[in-house]
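Peer 1: With the hints as extra help, turn the sequences into a complete structure.
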Amino acid sequence: MAESKHSSVTSYVIVALILGVITYIEFALVEYPQAWLGSTWTLVWLIALSIVKFIMVVMFFMHLKDDDRTYTGFFSSGMFIALATFVGLTAMFVLPRAVASTKPENVAAANAAHAEVPEALLENVETGGASRTPDQIADTPRVADRSVGITPPTASNDASTYSVTAPTTAAAGTPAAAGTPEAAPAQAGGADEAPAAATPAAETPAAAAPVEWDAAHGATVFNSNCMACHQATGQGIPGAFPPLAGHAADIYTLDGGRTYLLDTVLFGLQGQINVNGAVYNGVMPAWNHLPDGDIADALNHVLTAWGTAPAGFTPFTAADVEARRPDALTAADVHAHREAIGLQ
Amino acid sequence: MSAEASTAATGAVAAPYRSSKLPDVKLMMWVFLASDTMFFGSLIGTYLAYHNRSLVGPMPRDLFDIPLTTVSTFVLLMSSFLMVLALHSLRESDIGKFRLWTLGVAVFGSIFLGFQVYEFTHFANAGLSIHQNLFGTTFFILTGTHGVHVTVGVLWLVSLLITSYLRPMQAKDAVYLEIAGLYWHFVDIVWIVIFTVVYLVEFL
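Line order of the protein sequences matches chains A and B. Residue 1 is where the first sequence starts when you use my numbering, and the numbers rise one by one after that. Residue 1 is where the second sequence starts when you use my numbering, and the numbers rise one by one after that.
Mixed in with the good hints, there may be bad ones.
[Unchecked claim] List time: in silico DSBU-like cross-link candidates among lysine-lysine, alpha-carbon distance up to 35 Å: (1) LYS21/B with LYS65/A; (2) LYS21/B with LYS172/B; (3) LYS172/B with LYS97/B; (4) LYS65/A with LYS26/B; (5) LYS97/B with LYS65/A; (6) LYS26/B with LYS97/B; (7) LYS97/B with LYS21/B; (8) LYS172/B with LYS26/B; (9) LYS172/B with LYS65/A.
[Unchecked claim] Output of the computed footprint for chain B on chain A, the stretches with three or more beta carbons under 8 Å from beta carbons of chain B: (10) 39-47; (11) 56-68.
[What the hints assert, rightly or not] Covered by chain A, per the in silico footprint, the following chain B stretches (three or more residues, Cβ under 8 Å): (12) 64-72; (13) 75-89; (14) 175-187.
These are computed hints drawn from the structure, not numbers from a lab. Every residue gets a Cβ at the ideal spot worked out from N, C-alpha and C, and that includes glycine.
Peer 2: Written out as structure tokens, the structure is:
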């Protein structure tokens, strides 16, 4: 008896030591990557080591090694179904993407897509973009900011429009292009070309035409923050996310609608709403971590991109957003606001 | 009265029909663990299916702290080691050591939970909520469910510890500690898989 007691405790100690060592090896494989091993073999080793740990715990700590086979049978059948679920999910969701990303035509297409994107924008995307903190995002110069310079409103206009001028390099280099707006993007080389071409507003800066907001920036902000739910064309997802196209413009024309739209983006919205006869009961998050200019441009994008702008449309400006911030409403306050302007 | 007496006299006849000689509670625990395996298999599979599909941050690489998680993994593994020592001591009717090791398991489990609370708080401060993105949803559901299992395990062990003071515990009661141990080891092996699949593989 004493002999068996001694040996079983000894085996427990040995198993525990091995488990600890394996855990350290796993940690070391990831923390100090081995170049000669390569990421594929590191993955194989990590999986193999965790299977060894798994089996050791089951065999020695849970005593399946010496216990009745019935237990092993029950546990194995559960494990089998779990593994089948796991493999099935992987086959359906993970493998197709992995395989697609290795096809030559997809690699070529991805490289071509990269070639068309300005280097500075790629940096924004590949360094994580939205995965950085709002402060870091706010500190990063945006591509669109470099293609246009925004002059604060002067006394001669109504303070709701900005005068946008071309970047100094382009303006100095193409004085002759002043009368031919189409020539401006062709002359502006390199990194500035893509955003300039995508921005009708930015095509005519040399002519010093007053442009009300940066449409390309608005589209960028919308696509990276709003599109996931409200979709690229603002149609929303029936039953889940309300449409913006048309609906936002309708709200704009209501008394107080302009402020309500701004509040919804800035402070969020929670509670049951009714849009075009459909009931929605989701959560619109508050976007107050975005810079004022981003919120204004995204709102202008929503109100103009999918139809004509509402009657009497005055574009939102960063100052409008800044002015609303001190109110610090809750999503429920915004819902009350919604009812106050006559919406369901 | 006479019925009871006759039952006692002819115990073999009165014994309930059993299809197995295995202890019911232990068999039931293994069946439960089999079902729980499927449960966690689905949760881990879901995490992987939505891996890298988040549209906004924070992303796993922004948040995971491998050294910290390695330490908490080690703590949980060692709690499993203490668990087998506790069971061994009880089988040897060494109540003092049984209490010591069982308390150790509960303390190590609580330390693991402390790491998890710290981690969740840190992630929440970094902007990851359960509805922030797909990573937040699948990660918190998976590790949260695991954390609930650990919490239940700690409460179970503490209740066994209290029981040992209320009524004498002997070697024949070992099966009750054994099933708690099976549950505890199971929670440990689930974390072995999560540690590799969710945390380590992220950085390859």
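Peer 1: Decide, hint by hint, whether the structure agrees.
Peer 2: Against the structure, the hints:
1. LYS21/B with LYS65/A: Judged against 35 Å, a Cα distance of about 18 Å means the pair holds.
2. LYS21/B with LYS172/B: Holds, at roughly 16 Å.
3. LYS172/B with LYS97/B: 16 Å, holds
4. LYS65/A with LYS26/B: 16 Å, holds
5. LYS97/B with LYS65/A: With Cα atoms ~25 Å apart, LYS97/B and LYS65/A stay inside 35 Å; holds.
6. LYS26/B with LYS97/B: Judged against 35 Å, a Cα distance of about 23 Å means the pair holds.
7. LYS97/B with LYS21/B: 30 Å, holds
8. LYS172/B with LYS26/B: 14 Å, holds
9. LYS172/B with LYS65/A: 22 Å, holds
10. 39-47: holds (count 5)
11. 56-68: With 6 residues closer than 8 Å to chain B, the segment 56-68 of chain A meets the three-residue bar; holds.
12. 64-72: Since 3 is at least three, the answer is holds.
13. 75-89: holds (count 8)
14. 175-187: holds (count 4)
Violated hints for the displayed structure: none, as all numbered hints are satisfied.
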